[in-house]
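Go ahead and model the full structure; you've got the sequences and the hints to work with.
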Amino acid sequence: MAGADGDDSLYPIAVLIDELRNEDVQLRLNSIKKLSTIALALGVERTRTELLPFLTVLNVYFEYCLAVLSIIYTIYDEDEVLLALAEQLGNFTMLVGGPEYVHCLLPPLESLATVEETVVRDKAVESLRKISQEHSPVDLEVHFEPLVKRLASGDWFTSRTSACGLFSVCYPRVSSTVKAEIRQHFRTLCSDDTPMVRRAAASKLGEFAKVLELDYVKSDIISLFTALASDEQDSVRLLAVEACVSIATLLPQEDLESLVMPTLRQAAEDKSWRVRYMVADKFSELQKAVGPEITKNDLVPAFQNLLKDCEAEVRAAAANKVKEFCENLPEENREQIIMTHILPCVKELVSDTNQHVKSALASVIMGLSTILGKDNTIEHLLPLFLAQLKDECPEVRLNIISNLDCVNEVIGIRQLSQSLLPAIVELAEDAKWRVRLAIIEYMPLLAGQLPLTKSLCRVVVYAIREAATCNLMKLVEKFGAEWAQNTIVPKVLGMANDPNYLHRMTTLFCINALSEACGQDITTKQMLPVVLKMSNDQVANVRFNVAKSLQKIGPVLDSNALQTEVKPVLEKLATDTDMDVKYFAQEAISGTRFTLASLHISTKSDLPF
Amino acid sequence: MAGVAGGNDFQWCFSQVKGAIDEDVAEADIISTVEFNYSGELLATGDKGGRVVIFQHEQESKNRPHLRGEYNVYSTFQSHEPEFDYLKSLEIEEKINKIRWLPQQNAAHFLLSTNDKTIKLWKISERDKRAEGYNLKDEDGRLRDPFRITSLRVPVLMPMDLMVEASPRRIFANAHTYHINSISVNSDHETYLSADDLRINLWHLEITDRSFNIVDIKPANMEELTEVITAAECHPLQCNVFVYSSSKGTIRLCDTRAAALCDRQAKFFEEPEDPSSRSFFSEIISSISDVKFSHSGRYMMTRDYLSVKVWDLNMENRPVETYQVHEYLRSKLCSLYENDCIFDKFECCWNGSDSAIMTGSYNNFFRMFDRNTRRDITLEASRESSKPRATLKPRKVSTGGKRKKDEISVDSLDFNKKILHTAWHPKDNVIAVAATNNLYIFQDKIN
Numbered sequence: 001m002a003g004a005d006g007d008d009s010l011y012p013i014a015v016l017i018d019e020l021r022n023e024d025v026q027l028r029l030n031s032i033k034k035l036s037t038i039a040l041a042l043g044v045e046r047t048r049t050e051l052l053p054f055l056t057v058l059n060v061y062f063e064y065c066l067a068v069l070s071i072i073y074t075i076y077d078e079d080e081v082l083l084a085l086a087e088q089l090g091n092f093t094m095l096v097g098g099p100e101y102v103h104c105l106l107p108p109l110e111s112l113a114t115v116e117e118t119v120v121r122d123k124a125v126e127s128l129r130k131i132s133q134e135h136s137p138v139d140l141e142v143h144f145e146p147l148v149k150r151l152a153s154g155d156w157f158t159s160r161t162s163a164c165g166l167f168s169v170c171y172p173r174v175s176s177t178v179k180a181e182i183r184q185h186f187r188t189l190c191s192d193d194t195p196m197v198r199r200a201a202a203s204k205l206g207e208f209a210k211v212l213e214l215d216y217v218k219s220d221i222i223s224l225f226t227a228l229a230s231d232e233q234d235s236v237r238l239l240a241v242e243a244c245v246s247i248a249t250l251l252p253q254e255d256l257e258s259l260v261m262p263t264l265r266q267a268a269e270d271k272s273w274r275v276r277y278m279v280a281d282k283f284s285e286l287q288k289a290v291g292p293e294i295t296k297n298d299l300v301p302a303f304q305n306l307l308k309d310c311e312a313e314v315r316a317a318a319a320n321k322v323k324e325f326c327e328n329l330p331e332e333n334r335e336q337i338i339m340t341h342i343l344p345c346v347k348e349l350v351s352d353t354n355q356h357v358k359s360a361l362a363s364v365i366m367g368l369s370t371i372l373g374k375d376n377t378i379e380h381l382l383p384l385f386l387a388q389l390k391d392e393c394p395e396v397r398l399n400i401i402s403n404l405d406c407v408n409e410v411i412g413i414r415q416l417s418q419s420l421l422p423a424i425v426e427l428a429e430d431a432k433w434r435v436r437l438a439i440i441e442y443m444p445l446l447a448g449q450l451p452l453t454k455s456l457c458r459v460v461v462y463a464i465r466e467a468a469t470c471n472l473m474k475l476v477e478k479f480g481a482e483w484a485q486n487t488i489v490p491k492v493l494g495m496a497n498d499p500n501y502l503h504r505m506t507t508l509f510c511i512n513a514l515s516e517a518c519g520q521d522i523t524t525k526q527m528l529p530v531v532l533k534m535s536n537d538q539v540a541n542v543r544f545n546v547a548k549s550l551q552k553i554g555p556v557l558d559s560n561a562l563q564t565e566v567k568p569v570l571e572k573l574a575t576d577t578d579m580d581v582k583y584f585a586q587e588a589i590s591g592t593r594f595t596l597a598s599l600h601i602s603t604k605s606d607l608p609f
Numbered sequence: 001m002a003g004v005a006g007g008n009d010f011q012w013c014f015s016q017v018k019g020a021i022d023e024d025v026a027e028a029d030i031i032s033t034v035e036f037n038y039s040g041e042l043l044a045t046g047d048k049g050g051r052v053v054i055f056q057h058e059q060e061s062k063n064r065p066h067l068r069g070e071y072n073v074y075s076t077f078q079s080h081e082p083e084f085d086y087l088k089s090l091e092i093e094e095k096i097n098k099i100r101w102l103p104q105q106n107a108a109h110f111l112l113s114t115n116d117k118t119i120k121l122w123k124i125s126e127r128d129k130r131a132e133g134y135n136l137k138d139e140d141g142r143l144r145d146p147f148r149i150t151s152l153r154v155p156v157l158m159p160m161d162l163m164v165e166a167s168p169r170r171i172f173a174n175a176h177t178y179h180i181n182s183i184s185v186n187s188d189h190e191t192y193l194s195a196d197d198l199r200i201n202l203w204h205l206e207i208t209d210r211s212f213n214i215v216d217i218k219p220a221n222m223e224e225l226t227e228v229i230t231a232a233e234c235h236p237l238q239c240n241v242f243v244y245s246s247s248k249g250t251i252r253l254c255d256t257r258a259a260a261l262c263d264r265q266a267k268f269f270e271e272p273e274d275p276s277s278r279s280f281f282s283e284i285i286s287s288i289s290d291v292k293f294s295h296s297g298r299y300m301m302t303r304d305y306l307s308v309k310v311w312d313l314n315m316e317n318r319p320v321e322t323y324q325v326h327e328y329l330r331s332k333l334c335s336l337y338e339n340d341c342i343f344d345k346f347e348c349c350w351n352g353s354d355s356a357i358m359t360g361s362y363n364n365f366f367r368m369f370d371r372n373t374r375r376d377i378t379l380e381a382s383r384e385s386s387k388p389r390a391t392l393k394p395r396k397v398s399t400g401g402k403r404k405k406d407e408i409s410v411d412s413l414d415f416n417k418k419i420l421h422t423a424w425h426p427k428d429n430v431i432a433v434a435a436t437n438n439l440y441i442f443q444d445k446i447n
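Respectively, the protein sequence lines represent chains A and H. If you're matching positions, the first sequence starts at 1 in the UniProt record's numbering and goes up one per residue. If you're matching positions, the second sequence starts at 1 in the UniProt record's numbering and goes up one per residue.
Since the hints were derived computationally from the structure, they do not count as laboratory data. Fair warning: there could be bad hints in the mix.
[What the hints assert, rightly or not] Output of the computed footprint for chain H on chain A, the stretches with three or more beta carbons under 8 Å from beta carbons of chain H: (1) 130-137; (2) 156-168; (3) 233-240.
We put the CB at the ideal spot given by N, CA and C, even for glycine.
Written out as structure tokens, the structure is:
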């Protein structure tokens, strides 16, 4: 510690400590994040006896600052400070003197575990769980477990909700009498008066079940699970569905039918759509948890019902799971189940009234083709794809296009091009730019798989208009310079005379991208004249882009053209009235000078030194 | 708690009055909402100046056992400020339209307050300690020489006088195109609804950047608009049920379990109109200004211009009880239309056991109805009878013919003195009545 004559090394720490209470939230946050530095400087003893007691009430202090300043916009930052504090304390064991003293961290974390802000509370619980591992078994019973009990029987629901997350970490490490107490506390919280606590208990039910002995799972957990799953509050019931997954994985197969299935069946037919939504959302997990036999007998009809649910949100959630569900069906009768039970529902969903449902389906439906194989895909799925490609909702169309590749693998290019290409080409001129963008993005992929047809060229032309330069380059690389010269270059150059200056600039951008792939000949003979001509454009933006383009295509040109054609134009632009044009022309001159110089060297290098 | 009126039950007596006595009433001081919290320990009022005042019930003292504890100011804060919507060139008033308490969750108290557009969640908490001791400043606040710090000080906490602080915790904005008329906290304690003229949104108390639209009655063409939402409330026990009332005098009960969008109601409450009393004003006076579920959740009460109706949730075709609030005004509707009074939005409330109801009227009169005995009483909130423990005398308005002694004629009623907002303590016979800028608190007399 510091000597009597002062020590300037203490100054930064002193600032940090003072700033724990600064009016500026940012400074407070900064100090909190350096809490370990402060603790280190104070030493373990003072950290335990002075710093931690102060931190225990820090949250109260912050609110005071807030009220005094009445700054509304900082309220979220304030939570961030407490959040940072809760997080820091989880890593504080060594700073308070090691595992032997880790229990000193409990009071400040306990206080944070009762604040009303859920994020802060959750973080405090997370840190408590972390430091619980650093408690010796004795300390766990002497210090940690009483804290859990205090929280569990707290007056306010905030502390009781926090307790729910702590049972599972101490349960495995305490004596059997304490275990019994913990089970009792958990039972009490499951039937708490406030829905908040029941929700917290329901969400931790699965986790708690995992650390319990199997006998207690069967005797205790199942009854709690059944009770929570028939709670009067929707929000509690739907969390029980989540717990269902973990409980089902814990139980032996023969007990599932009697212990879990009645509740699950009831949840799948719950009056509240939110609960059914949860079942739909967790369907794949449930399916894995209950195994193939129950899936075949119970889940298939349940899934059919969810796909036909009267609430669109539920149908959309179920539609999202179609592929995963089908994939995980028992192999031996998968195809039969899909064809007879699932596919009819899917067919109906294709013409659903709700666009979210359709787009959810469109995002997974292509995946079915791998499961069903070529013949079924062509006969049953292709019509559905086609229908969705022509759907009025752009998102549906988009989702289909984005997943085209997986169908390709199954049915082959010929079939795909015959049946889907016309629709795809149509989409290239779709009114929605997102669809067009998707088409452009998929074009290189399509081009690799589809024969070069006239209609594909239309897509290409379209891409040019949209200035999809990056894709143009890929296409030219694929089809060669000659193809480019015939199809793309004329279109690009044609736009140089467009009345819209943005389109004129597109010409320049395309030339930038194409010059290298097209080679010196085409660039010099066809593109350069157009670029040079555009240096007289009225619009300054076009002119300085000419300068930029010249710099870019310079390396492709031969030195003769550079000297005789490019240089004079750039020199003229360098005296332009527009500042930007001047700037970029000068840039280009120094850039091309470099090119000229390098050319010069390369000619020279032919000579022996 | 059987009765509201005199007789063998009990009598109401004056307890307190809050607010200035001046004849000149500043617009900003007019109380616009009154609400007890769940325990009745706290009472909040909002005013047209955007302020929220919270009163706390003081424990009764031992030396004055005849007096119930009084409500004293606990915290005052500015909840809303006037704003201007530059896009629509619209002023947004700071007036507090509604206050709703949240069930208590920790030592602090929380409430939602709303003006026309923005809902705010406030935390009201107490503090009795402060941190002391800086490293870089001495006790007088003078800076220390940074190079002469010989040791580090950690702040210590010292006791101090109790301070009550209100801090804004959440701001729920930009979800309402029209004016918010109601907010109501759901029994799941994590969501609440907010209603404007045409839409109802459902919010999560922790999420401010999105809400779900659960009712939308806006027609595609605004010229076809025939009714607006006037009030909405969540069921006190069933988290999935809420009701909303309309300007056409109907109430729709919706079930959020059935579908995400509750455009189609589960139940539709409407009393067929009596053709004999039909007039030009029928539609205006049938508009419902407030709807409240009973604490038990079995009944709901609606207030229209002239009456209060109690509906059994299981009977949609007519109310089970109808109470006339000021039937004598039926002949005066024409002048009430001219001075716009006919559009006043009176609220109503239940007592703690649902056995009595209260609502306001004009001339600083307010009315109570006992549901068991069917007795009713008119009381007045006035400075004249504001002596401590003074018993409130029942008032009577003479209806036609000769005016008896102690009666007031309809023509001498003061229509500028209206009681729109009242609240009943959730457990005791304590009521709070807002009369313009004054808040009156009355309680039953202990004999």
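Item checked: chain H over the region 130-137 of chain A, status - at least 3 residues with CB closer than 8 Å -> Violated - the region 130-137 of chain A has 0 residues with a Cβ nearer than 8 Å to chain H, which falls short of three.
Note to self: Is the listed coverage of the region 233-240 of chain A by chain H valid when you require three or more residues with a beta carbon under 8 Å from a beta carbon of that chain?
What the structure shows: holds (count 3)
Next item on the list: Tell me if chain H covers the region 156-168 of chain A under the three-residue, 8 Å CB rule, please?
Entry: holds (count 4)
The structure shown violates just one earlier hint, number 1.
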